[in-house]
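Residue numbers (my numbering), protein chains in the order written: chain A, 2 to 412; chain B, 377 to 803; chain C, 108 to 741.
Derived by calculation from the structure, the hints in this document are not laboratory data.
Please read these numbers as outputs of a predicted model, since none were measured by experiment.
Quick reminder that beta carbons are idealized off the backbone N, C-alpha and C, glycines included.
Where hints are given, some of them may not hold.
Claimed, not checked - What the simulated footprint calls covered on chain A by chain B, stretch by stretch (three residues with Cβ under 8 Å from a Cβ of chain B suffice, anywhere in the stretch; the number is not a length): (1) 79-87; (2) 200-209.
Said to hold, decoys possible - Here are the simulated DMTMM-like pairs of lysine to aspartate or glutamate, each with C-alpha atoms no more than 25 Å apart in a straight line: (3) B:Lys562 <-> A:Asp193; (4) B:Lys598 <-> C:Asp424; (5) B:Lys598 <-> C:Glu422; (6) C:Lys432 <-> C:Glu418; (7) B:Lys564 <-> C:Glu150; (8) B:Lys562 <-> A:Asp131; (9) B:Lys598 <-> C:Glu418; (10) B:Lys437 <-> C:Asp260; (11) B:Lys511 <-> A:Glu96; (12) B:Lys564 <-> C:Asp238; (13) B:Lys437 <-> C:Asp238; (14) C:Lys432 <-> B:Glu538; (15) B:Lys562 <-> C:Asp281; (16) B:Lys562 <-> C:Glu422; (17) B:Lys511 <-> B:Glu493; (18) B:Lys564 <-> B:Glu533; (19) C:Lys432 <-> B:Glu568; (20) C:Lys432 <-> B:Asp570; (21) A:Lys245 <-> A:Asp212; (22) B:Lys598 <-> C:Glu337; (23) B:Lys511 <-> A:Asp193; (24) B:Lys564 <-> C:Glu422; (25) B:Lys564 <-> B:Asp626; (26) B:Lys562 <-> C:Asp424; (27) B:Lys511 <-> C:Glu418; (28) B:Lys562 <-> C:Glu418; (29) B:Lys598 <-> C:Asp299; (30) C:Lys432 <-> B:Glu792; (31) B:Lys562 <-> C:Glu357; (32) B:Lys564 <-> C:Asp429; (33) B:Lys598 <-> C:Glu357; (34) B:Lys564 <-> C:Glu337; (35) B:Lys598 <-> C:Glu150; (36) C:Lys432 <-> B:Glu569.
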Amino acid sequence: MTRKPFILQNPSVLIVLAVLAVFTAAVTAGSAAYGSGVIPTSMVKVLGKTLCLALAAVAMDLVWGYLGILSLGQMAFFALGGYMIGQWLMYARTETIVAASLAQNPIPATPQELQDAVTNQIFGVVGSADLPLVWSFAHSLTLQMILILLVPGLLALVFGWLAFRSRVNGVYLSILTQAMTLALALWLFQNDSGFRGNNGLSGLQNIPGLDHVSQATLSVWFLWASAAALALFYVLAAWLVSGKFGSVVRAIRDDETRVRFLGYPVEGFKLVVFTLAAMITAIAGALYYPQAGIINPAELMPIASIYLAVWVAIGGRGRLYGAAIGAVVVSLLSSWFTGGRAPSINLPGYVVNWVDWWQVALGLTFVLVTLFAPKGIAGIFDWLGGVLPPRRQGRDLGPNDGAFQEAEAKA
Amino acid sequence: MTKLTKLLMMTSALTLAGMAHAQEGEPIKIGVLHSLSGTMAISETTLKDTVLMLVEQQNAKGGVLGRPLEAVVVDPASDWPLFAEKARELLTVSEVDAIFGCWTSVSRKSVLPVIEELNGLLFYPVQYEGEESSKNVIYTGAAPNQQAIPAVDYMMEELGVESWALLGTDYVYPRTTNNILDAYLKSKGVAEEDIFVNYTPFGHSDWSRIVSDVVALGAGGKKVGVVSTINGDANVGFYKELAAAGVSADDIPVMAFSVGEEELSGLDTTNLVGHLAAWNYFQTAESPENEEFITAWHEFTGDTNRVTNDPMEATMIGFNAWVAAVEAAGTTEVDAVLDAIVGVEVPNLTGSMATVLPNHHITKPVLIGEIREDGQFDIVSQTDPVPGDAWTDHLPESAVLEADWPGQSCGMFNTETNTCVQVQSNY
Amino acid sequence: MIRLLAPLFALFLPLAALANPALEAVIAENIDQIEQPSRRTVEPLVAQIAATGPEGIALLQAWADRRLGLVDGRAVILNADSMTDAVTGAPVTGEARSLRPNSGVRGVIEAALAGSALSDPDPRRRAAALDSLSRGADAEGLAALRAALDDPDPVLAARKARLERLLTIQFDTDSAARVAAIEGLAGDVGLDFRAALNPLLATRRLAATEEPQANIARELSVGSDALPREAAVALLAQQGVLQPPLTRAEQRSRLAANIVDGRVAGIPVTQLDDQAMRDRAYDTLETQGAVPPAATEAEAEATLATYRFFETYAEPDPAVTDAAKAAQIRAQVRLGAMQGIDLGLDALSLASIYFLAAIGLAITFGVMRVINMAHGEFIMMGAYTGYTVQTVIADRTLSLVIALPLAFVVTFLAGVVLYRLVIRHLAHRPLETLLATFGVSIALQQLAKNIFGTQARPLTAPAWLEGSITINDVIGISSIRVAIFVLALLFLALFLFIMKRTRLGLEVRAVTQNPGMAASMGINPDRIAMMTFGLGSGIAGIAGIAIGLFAQVTSELGQNYIVQSFMTVVVGGVGNIWGTLAGATLIGGLSKVIESLNPSNTLAAQTFMILFIITFIQFRPRGIIPQRGRAAEA
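Turn these sequences into a full structure, and let the hints steer you where they fit.
Set out below in structure tokens:
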């Protein structure tokens with residue numbers, strides 16, 4: 002077998018990595034901590050967060066663009082990742098503060114007293130006295146890091162197993178994933194669930210043990226971490242979808258029944274991709290929220306996941322770089338337009354204020370993209386590269402028809 | 377190390393540049409951090425307009441320190457992480473000297489670390505749950521002892537309420553307020569079974585069950601009263617159901633902490649006459665300052681139907697206190713202003729004075745209003761100004777805490793052990 | 108009373124200046140209290156004023172109605188366009204400051220006036236006096252009521268009789284009369300009767316060495332469910348019999364007070380970060396007498412053994428409490444049943460709302476396999492249509508009559524436009540349709556915000572739909588919810604009629620089952636799809652008005668219902684109206700049951716509801732009533 006090396010097979014991966022490297026270097030050079038300071042720290046944080054969103058979009062593309070499951074609950078995993086790292090950040094920071102305060106007492110504190118004081122600091126605000134069970138591992142960074150992968154992974158595994166086993170698919174599955182994230186959000190909104198309800202976890206940008214490092218420096222470190230994570234998982238995702246595994250996954254997207262009859266364990270493939278994507282999304286979330294500073298249940302309301310789908314769709318699903326581009330472009334544009342910075346348009350008799358009209362424009366753009374440019378922004382690259390959608394039977398139907406199954410198309 | 381020195385040098389260079397500007401009569405920048413889109417837009421846009429009006433008035437008077445004021449408005453879009461991002465932008469990019477902003481507790485908690493890290497100055501104009509005092513925040517809204525406790529006292533004394541229903545939206549303000557009220561009521565001899573607590577989600581609309589639960593409390597043979605910390609739109613459905621169930625204010629009075637003139641405009645109030653609200657300001661307050669304020673507001677917005685409300689008054693007090701402190705300090709530099717602002721006295725709109733206290737809260741009179749048919753309030757009770765208490769006396773863990781910025785340089789000082797629990801706030 | 112007094116005023120008018128010096132004196136003396144009255148202290152003043160004669164009564168009446176003002180320190184009664192001096196009755200001019208007594212004070216005044224108002228010729232005044240008495244009365248009120256039991260109005264007479272019974276239970280001095288009153292009403296589930304009974308049965312816990320001289324409800328044994336050991340110890344501590352246990356914080360501060368050279372009782376301070384070490388240190392200090400001894404287990408045990416625990420009634424008369432207990436037990440079963448019925452009504456109401464919201468979705472999903480994410484926004488459009496009509500037409504009944512069909516038309520057209528422009532081009536691509544309609548949804552939502560603002564808008568029901576239908580004090584439902592229920596039934600009937608009895612229905616069913624075959628029979632599937640889509644959207648508009656009538660009209664109104672609507676369709680099963688009905692009933696009923704199990708947390712109820720649905724789908728992936736046959740395979 003003389004197969005070309007994976008990288009040579011996928012030149013787009015090299016291009017993406019190069020662009021990412023140049024971008025990171027440029028931002029570092031412009032940052033206040035390591036360079037000229039042209040890019041203010043708040044902008045560095047925005048860019049770092051955008052990279053995390055791009056990573057989440059890549060994972061979403063795995064599930065949707067390649068596996069054909071329109072998951073409308075993807076941000077649940079993102080936020081869960083954030084909650085898991087947030088628990089440690091909050092607990093550890095509070096512990097240092099409380100320990101310093103208790104050390105001023107004439108009699109040293111017992112471990113129980115220390116924990117009670119930490120609990121009181123974290124939960125006193127929301128009126129609770131005991132450390133909830135879900136915080137049992139919050140004192141250890143290692144354990145919480147494992148949980149970042151474990152909790153969303155397990156949730157995806159259990160949910161996926163239940164759903165795929167009973168052959169729930171198509172629109173039903175989308176609605177079900179939406180219900181999942183809504184249920185989780187409502188649960189987190191409750192104070193009794195132990196995640197501080199609507200207040201969520203805050204002050205996450207202060208990393209315990211790194212008090213001497215300024216936010217300007219920290220923001221650049223997080224940018225590097227986010228870029229590295231994006232690079233790593235992009236390569237992983239590209240490798241996954243390029244081989245035989247990828248072919249089976251795409252085949253499932255195009256005709257699940259046929260693949261099952263060919264003897265492939267369809268449910269197993271679906272579960273692997275769904276769970277893996279959930280874990281990647283969780284890692285993106287764990288990197289995102291320390292940069293955002295606060296996480297609360299509003300982050301996983303269904304609307305957030307739908308926006309993720311919108312980004313991927315506009316960027317171009319079924320193309321990993323398309324998903325990443327979509328997330329970067331649309332989220333940055335959104336924050337620019339809603340930030341009150343975009344100049345208003347003066348029409349005769351009416352002033353179009355972008356703060357008010359951006360959502361309308363976004364919604365309509367999205368409809369137009371779905372109708373007329375189903376390949377999204379990535380379609381431009383295809384067009385530039387002269388790539389034509391393969392039309393032969395048994396092969397990839399292409400992003401144009403990719404998200405639905407042949408059976409549906411024939412009905 | 378070298379990086380740190382570089383950074384220090386850069387900051388000092390920036391400060392120098394700032395000083396150079398000051399001499400030339402450059403405008404003083406203040407930031408406005410209120411949501412102009414999203415769910416909180418309706419409440420917060422009003423406050424943005426209030427600040428703009430105050431800036432305009434101040435500039436007409438010749439500005440501050442002989443320099444004009446310039447408002448930098450940003451839109452955090454009701455998105456909590458975005459509040460932190462925009463606050464950082466205001467402080468580092470726009471380099472504002474003070475920020476007026478935030479409404480919800482979670483947005484304040486989001487901004488706090490940024491403000492404390494960059495040593496900014498935030499004026500927070502909304503009634504809140506207390507249990508906080510930051511060096512960099514001046515709380516011009518009511519703490520629980522300036523709204524909740526007096527309101528409950530009023531219900532107990534004047535209405536003879538003995539059985540309590542504490543209804544709230546499920547978030548930190550109602551939770552903490554109800555915890556405090558629960559402890560307070562029990563200390564007043566109210567039995568556990570006479571307190572009914574319920575939490576509903578934001579925007580809740582199906583109130584039939586809850587209203588009938590409240591009505592059923594009447595079976596205890598005690599006068600029932602409702603303390604409502606229900607937030608925003610959900611009030612509409614709640615009051616509609618209440619009116620449909622024929623619950624009159626004489627039978628079961630409802631005391632609301634989050635229902636003001638703005639919220640009532642979404643309702644037909646004929647069936648709600650007599651229900652109550654507790655604030656530190658009502659538009660119907662009788663004072664020359666209030667008349668002047670309302671006129672100016674109508675002029676500024678060009679709409680004589682626009683109502684004024686409590687957070688607007690709090691914004692005005694905060695603005696005037698800041699101006700007074702800057703004039704006293706002779707500079708807009710945050711630490712100097714913070715030193716000068718404690719003890720500053722400015723008139724409020726209800727005929728008394730608001731004093732900024734060492735715990736960064738202010739003194740406020742407590743007003744109880746009964747809803748009228750026209751959607752305004754009849755003021756039926758008004759106290760002398762009450763000093764705001766950052767840490768409530770009614771919960772055992774906070775009773776021992778106090779905040780004293782000029783005295784102890786600490787916002788969370790344990791008076792029992794005489795130690796500062798923490799200088800930065802718990803977010 | 109006013110009418111009675113009018114001739115009196117006429118008599119006094121010529122002598123105005125002389126009228127009622129006693130009242131004048133009372134006013135002058137208590138002017139501060141009249142300005143700032145308090146419920147706690149106003150009672151004697153009210154009695155004093157009432158005692159001064161008819162002018163006093165008139166003044167009180169005006170005070171309670173908020174028609175009393177002050178002009179230069181004199182009390183004046185404010186009429187529609189004139190003022191008269193409260194003492195002399197002479198007309199007054201000048202700037203009056205009107206007084207605003209709070210509702211507690213007004214209650215006191217009304218209670219004082221109630222006695223005499225019970226036989227007032229005006230039935231409304233008599234009813235108001237009864238209201239006032241039922242809110243709070245005393246033995247005097249009972250006497251006044253007994254004196255005025257006869258009433259020409261049979262309804263009022265019945266109310267008076269019932270109130271007399273209730274007040275007898277509470278205030279009569281004769282034990283036999285009270286027992287008779289209780290037994291007469293036994294089994295009644297009225298809120299007022301229960302409110303009269305429950306205070307009689309209120310108990311208090313008490314620890315004593317021997318049986319106390321009181322009306323004892325029961326004796327409690329320590330360690331039982333009713334009285335765990337800790338509760339008994341706490342009760343003893345509260346009564347001062349037992350020393351309260353030493354708290355950790357106290358122990359720490361006492362240890363800290365005894366630090367000598369970095370050691371406490373010989374133990375180095377650094378080792379005191381352990382509870383066992385602290386206890387040892389404290390024990391040593393105790394033996395040295397440096398700290399007061401802490402309560403020990405043995406002491407607590409010994410004291411517990413010598414004490415007995417009782418629950419005593421506040422009501423001293425055992426005959427009354429026995430009768431009350433019996434009456435309460437008799438009412439219990441009926442009460443439970445009625446609460447169940449009330450819960451059922453609530454559930455039915457919620458189910459009908461979900462049904463209305465979901466029916467349109469079910470139609471479009473059933474026929475075209477298309478999920479319309481903008482369905483919620485159509486609901487919102489309907490509600491805003493209702494609001495707009497109401498701003499134009501003031502008469503609420505008329506505006507509702509116009510708004511209902513108009514909302515249908517508006518959303519029908521919106522649905523048709525959406526179908527023509529978007530959905531038709533995405534035929535057979537359900538996931539893409541889902542996303543595209545979501546784009547429409549966010550655009551429409553923001554558009555509504557731009558047009559109507561983010562604030563909730565009023566959509567008020569006409570007067571005849573206000574209020575509620577009450578069977579008794581337990582079972583009751585607001586009229587508007589009944590109307591919505593009727594509306595839901597109406598649409599169910601309409602839908603069935605269209606589907607089973609009309610040409611359109613036949614064609615719709617044909618297209619649903621096999622579009623290809625239907626097309627070859629001359630049916631235009633495209634037109635049918637458009638019509639069903641419009642129909643579904645139109646019903647959403649009607650649902651919007653229904654929801655707006657009992658809840659808030661905001662741009663997020665649709666969003667609050669959309670997920671529940673999806674659930675209803677998915678749980679019920681696609682393409683079958685009965686399925687949707689079953690889904691709505693299941694979801695509505697279950698939410699209410701979960702809510703009533705945990706009344707303090709509505710959010711938890713919603714969470715459990717969704718979890719239940721997710722699990723349910725695992726077992727019945729095609730819903731309660733699954734589609735059968737060829738169409739199910741699509």
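Okay, the hints, checked on the actual structure:
Judged by the Cβ-Cβ criterion of 8 Å, the region 79-87 of chain A is not covered by chain B as claimed, because only 0 of its residues qualify and three are needed. Chain B is given as covering the region 200-209 of chain A, and this holds because 6 residues of the stretch bring a CB closer than 8 Å to a CB of that chain, at least three being needed. Note on Lys562 of chain B and Asp193 of chain A: the hinted pairing holds, with a Cα-Cα distance of about 22 Å set against a maximum of 25 Å. Between Lys598 of chain B and Asp424 of chain C the alpha-carbon distance is near 21 Å, which keeps this suggested pair within the 25 Å criterion.
A distance of roughly 16 Å separates the Cα atoms of Lys598 of chain B and Glu422 of chain C; the hinted pair therefore holds under the 25 Å criterion. For the hint pairing Lys432 of chain C with Glu418 of chain C, the CA-to-CA distance comes to about 14 Å; that is within 25 Å, so the pair holds. With a CA separation close to 23 Å, the supplied pair Lys564 of chain B and Glu150 of chain C stays within the 25 Å bound. Between the alpha carbons of Lys562 of chain B and Asp131 of chain A the distance comes to roughly 21 Å, so the proposed pair stays at or under 25 Å and holds.
With a C-alpha separation of about 21 Å, the suggested pairing of Lys598 of chain B with Glu418 of chain C holds against the 25 Å cut-off. Proposed proximity of Lys437 of chain B and Asp260 of chain C is contradicted: the alpha carbons are some 69 Å apart, above 25 Å. Restraint check for Lys511 of chain B and Glu96 of chain A: the C-alpha separation of about 21 Å stays at or below 25 Å, so the hint holds. Among the hinted pairs, Lys564 of chain B with Asp238 of chain C is inconsistent with the structure: their alpha-carbon atoms are about 29 Å apart, more than 25 Å.
Distance restraint check for Lys437 of chain B and Asp238 of chain C: the Cα-Cα separation of roughly 58 Å exceeds the 25 Å cut-off, and the hinted pair is therefore not satisfied. The hinted pair formed by Lys432 of chain C and Glu538 of chain B meets the criterion: a straight-line CA distance of about 23 Å does not exceed 25 Å. Taken as a hint, the Lys562 of chain B and Asp281 of chain C pair is broken in the structure, with Cα atoms around 35 Å apart against an allowance of 25 Å. Taking the CA atoms of Lys562 of chain B and Glu422 of chain C, the gap is near 23 Å; set against the 25 Å cutoff, the hint holds.
Of the supplied pair hints, the one linking Lys511 of chain B and Glu493 of chain B holds, its CA atoms being roughly 11 Å apart against a limit of 25 Å. Restraint check for Lys564 of chain B and Glu533 of chain B: the C-alpha separation of about 12 Å stays at or below 25 Å, so the hint holds. At most 25 Å may separate the alpha-carbon atoms for a hinted pair to count; Lys432 of chain C and Glu568 of chain B meet this at roughly 22 Å. Pair hint Lys432 of chain C plus Asp570 of chain B holds up; C-alpha atoms about 20 Å apart against a cutoff of 25 Å.
A hinted pair counts as satisfied when its Cα atoms are at most 25 Å apart, and Lys245 of chain A with Asp212 of chain A does not qualify at roughly 48 Å. Note on Lys598 of chain B and Glu337 of chain C: the hinted pairing is violated, with a Cα-Cα distance of about 29 Å set against a maximum of 25 Å. The hinted pair formed by Lys511 of chain B and Asp193 of chain A fails the criterion: a straight-line CA distance of about 31 Å is larger than 25 Å. Between Lys564 of chain B and Glu422 of chain C, the direct Cα distance comes to roughly 22 Å. Compliance with the 25 Å bound is thereby established for this hinted pair.
In summary, the hint linking Lys564 of chain B to Asp626 of chain B is supported, as the alpha carbons are separated by about 23 Å, within the 25 Å threshold. For the hint pairing Lys562 of chain B with Asp424 of chain C, the CA-to-CA distance comes to about 29 Å; that exceeds 25 Å, so the pair is violated. As the CA atoms of Lys511 of chain B and Glu418 of chain C are separated by approximately 53 Å, the hinted pair breaks the 25 Å bound. With a C-alpha separation of about 20 Å, the suggested pair Lys562 of chain B and Glu418 of chain C falls inside the 25 Å cut-off, and the hint holds.
Distance restraint check for Lys598 of chain B and Asp299 of chain C: the Cα-Cα separation of roughly 11 Å lies within the 25 Å cut-off, and the hinted pair is therefore satisfied. Restraint check for Lys432 of chain C and Glu792 of chain B: the C-alpha separation of about 50 Å exceeds 25 Å, so the hint is violated. Only pairs whose Cα atoms come within 25 Å are accepted, and Lys562 of chain B paired with Glu357 of chain C is accepted, the gap being roughly 23 Å. For a cut-off of 25 Å, the pair hint linking Lys564 of chain B to Asp429 of chain C is broken: about 31 Å separates their Cα positions.
Pair hint Lys598 of chain B plus Glu357 of chain C does not hold up; C-alpha atoms about 39 Å apart against a cutoff of 25 Å. Straight-line distance between C-alpha atoms of Lys564 of chain B and Glu337 of chain C comes to about 23 Å, which keeps the hinted pair within the 25 Å bound. For the hint linking Lys598 of chain B to Glu150 of chain C, the alpha-carbon distance of about 20 Å falls within 25 Å, and the restraint holds. At most 25 Å may separate the alpha-carbon atoms for a hinted pair to count; Lys432 of chain C and Glu569 of chain B meet this at roughly 19 Å.
In summary, the numbered hints that this structure violates are 1, 10, 12, 13, 15, 21, 22, 23, 26, 27, 30, 32, 33.
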